[in-house]
Amino acid sequence: MSSGTLAVVLVAHLPFVRHAGADEVVQERWLFDAVTETFVPVLEMLDGLERDRVPCRLTLAVSPLLIDSLADALLRDRYLRHLDRLVELAEKEERRTRGDAALHRIAELHLARFYRTRAVFLDEWQQDVVAALRAYQERGLIDVIPTAATHGLLPLLAASPAAIRAQVDVAAAEHRRFFGRAADGLWLPECAWQPGLDTALARAGFRYFFVETDGIAHATPRPVYGVYAPIVCDSGVAAFGRDPESAKPVWSVEEGFPSDPWYLDFHRDVGFEREYDYVHAYVAPNGQRFPTGIKYHRRTGPGAHPEPYDPDRARARAHAHADEFVAARMRQAAWLARNMDRPPIIVCPYDAALFGHRWFEGPLWLDAVLRRLAAGGTLTTATAGDDLAAHPRVQRATPAASTWGWKGHLEPWLGPANDWVYRHLHAAADRLHALARRYPSGDERTRRALTQALRELLLAQTSDWAALMTRDATADYAVRRVTEHLVRCTRLCSEVEQGAVDEQALGTLEGVDDVFPTLDYRVLL
Amino acid sequence: MSIGAVIVAGWGLVGDWLGSAWCDVVRELRRHAEPFAGRLGLGGAGAAPPAPAAPARGLDQDVRDAKFLMPRRGPAAAASAPDDAPLARDGHAALPAAYGTDRVTLLARDPRCLFAYWEATAEGRRKAAAALGAEARAAQEVLRIHDVTFVATASGANGRHAVDVDVAGPVGSCYVAVPAAGGTYRAEIGLRTASGRFVAIAGSEAVATPPEQPAADTAVRWADLRTIDGGAGEPLRWSAGATGDGAGSPAGSNGATDQPSLPGR
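First to last, the sequence lines map onto chains A and B.
Those letters in the first sequence? Residues 1 to 525, by the working numbering.
Those letters in the second sequence? Residues 1001 to 1265, by the working numbering.
Source of the hints: derived by calculation from the structure; they are not laboratory data.
Please note that a few of the clues may not be correct.
Reference excerpt, derived from the structure (chain B facing chain A, CB under 8 Å, subset only) [what the hints assert, rightly or not]:
1) 1063
2) 1070
3) 1071
4) 1072
5) 1142
6) 1210
7) 1211
8) 1221
9) 1223
10) 1234
11) 1238
Beta-carbon label-pair distances, calculated as ranges [unchecked claim]:
12) B:1205 to A:437: 15 to 23 Å
13) A:522 to B:1100: 54 to 62 Å
14) A:335 to B:1097: 53 to 61 Å
We put the beta carbon where it would ideally sit given N, CA and C, even for glycine.
Turn these sequences into a full structure, and let the hints guide you.
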């Protein structure tokens, strides 16, 4: 008999990195790595589970912005070119390491991985990752839900209610466009919640969202079951809280499972370690050294003598870590079930980039976890929507404001490095909202200009820009991106106000920042 | 199992990380009734919030770093590609320095820290100065933070306490430390005379800082989600057939039952 459910949520998001007017840029690698190192291995893992008739239900929260990028023809072409170069480098590495059995085995592993990735992407998915996601969803293996449209951090945008409506309503509309049906739940970007946001979610038809542990722990009134059962806001939208016990072992690359010394070292990469002339065609587009994904060593720590990666030992460690995780969750669920009047739900949300990209063995670990859960029979996997359907009697309470960022609140996105941006984001949203009210049925040119202005505003609202401004390596790019989008937004607003829309410039912008093709600025109203 | 038993057993066992005994409503009221400026000393512009007890990096930071890899600069690097061109940190200078609107906006960064930004136009300052008359000459521009916790009106004028932060310049921002988590605050930007007269140029909406403790309110009410219509892309509404009032209103109490009807074990 089931003692509870485990809700694993993998959250995938990247900012809009399509640079149509330029040659390939390094930021596009963020997207390419997500496909090669996360989407392909995780979905391949699901194939294996389905083939072996292992029941599982996962939630994939994918930002509409990332969905749009995955569906983009230009980025697909560029990804394929990138993949071809990876295959070429892996073939060179296979030849180069033939004299060293330990390294050659790893080179073969990477070559096989890239061959397989290419076959999956090109032949099985026909270059359409979104269609693949849709197919897995239709087969019941995953439930895809959106994040806010461009992963805007909603509490920091709430000074302009129209901006919240746009982020939430566009998310709902984009999900319907790609998946042909409404999404049950919404992933709040960075788990960032404040009371009142549920009104916008209810209006868009979302039934649930997720919050950080403290969001439930400090909810009003006090939730009877803590984070192990949902609560429902006055709007009718339910909130699920993150289980703290299952977070750190997986999230922490310094103390958790990913820190194991037998796992592949993320930081040692041929892009940094081979002679420059040998790798320069495979590193960053501007020739700077950049990881290629081909790595040979296990985690021996900084300064230590590098040891070759041993795939068998790594696999054994992944299985041992899966045993440990599942045993702990089963004990936890059994203990909770004895003291609850409904089966507990243990919510485990993780950044999808952990699986395969940051933690190479992550998909292997997750596969082992899901197989052990299925074999154990007492703890089943489910989505939050499944839980609400099975247990519709829910305590009424409102979660407390919280995020899953450092210290549980907004500091990573609101500090000396990035606080200047909110003045401009709020002003642009208010100005655009006023224009939408002034021109609720504008002519075609006005409609296009205001819609493109909204596109630019949404792109400026992406939460990553504020976070990336806190890191030296990415600050310049983040500042420029948010500035560019805001300048474009305000210029279009000025042109509409003056009745002087520059159609040629507008057309160019529509081609450059081309997300959400069915967007309509009246979503602000 | 009675609801009391659920609370005692469920809360104590399910969430022992949450602790057990917490302040009650009276203690909350007393805490907010104290003059908060005198308790911890409200910070001025740029005042640092209380030192955090949290680790220096969040668990998510390493994954975030791994997602947003950037090239390593070195002697072998070729010329920068267009999108790697260095940009000065003041790159946002392309944005307006001011918007020509009197405004103050308050954001609750964490339980004990607010962030405020403001703009006071020349016209707004002139009007405020005119209202102050001769005293305006020596008036100081201040950001006034009102503690409006438990105050029903949106205006901060009848808030329990207020503290002023001296500011300079028509456009600015600052962090303000507040002593009590779970409070509600409102800001005004305005002029204050030596005698204490204050005329506002602009006011903010009220914002609430998150609580740091579990709620004192332990009332338990249940809702049956089957009484909610909508979903699948339609707005959620409590069913008109559900018990209680507010039929059709998402904020109504339909579908709620004060007495739990818990399934058997």
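Results for each hint:
no.: 1; hint: 1063; verdict: 5 Å, holds
no.: 2; hint: 1070; verdict: 4 Å, holds
no.: 3; hint: 1071; verdict: 3 Å, holds
no.: 4; hint: 1072; verdict: 5 Å, holds
no.: 5; hint: 1142; verdict: 19 Å, violated
no.: 6; hint: 1210; verdict: 4 Å, holds
no.: 7; hint: 1211; verdict: 5 Å, holds
no.: 8; hint: 1221; verdict: 5 Å, holds
no.: 9; hint: 1223; verdict: 5 Å, holds
no.: 10; hint: 1234; verdict: 5 Å, holds
no.: 11; hint: 1238; verdict: 6 Å, holds
no.: 12; hint: B:1205 to A:437: 15 to 23 Å; verdict: 19 Å, holds
no.: 13; hint: A:522 to B:1100: 54 to 62 Å; verdict: 26 Å, violated
no.: 14; hint: A:335 to B:1097: 53 to 61 Å; verdict: 58 Å, holds
Hints 5 and 13, counting from the list given before, are not met by this structure.
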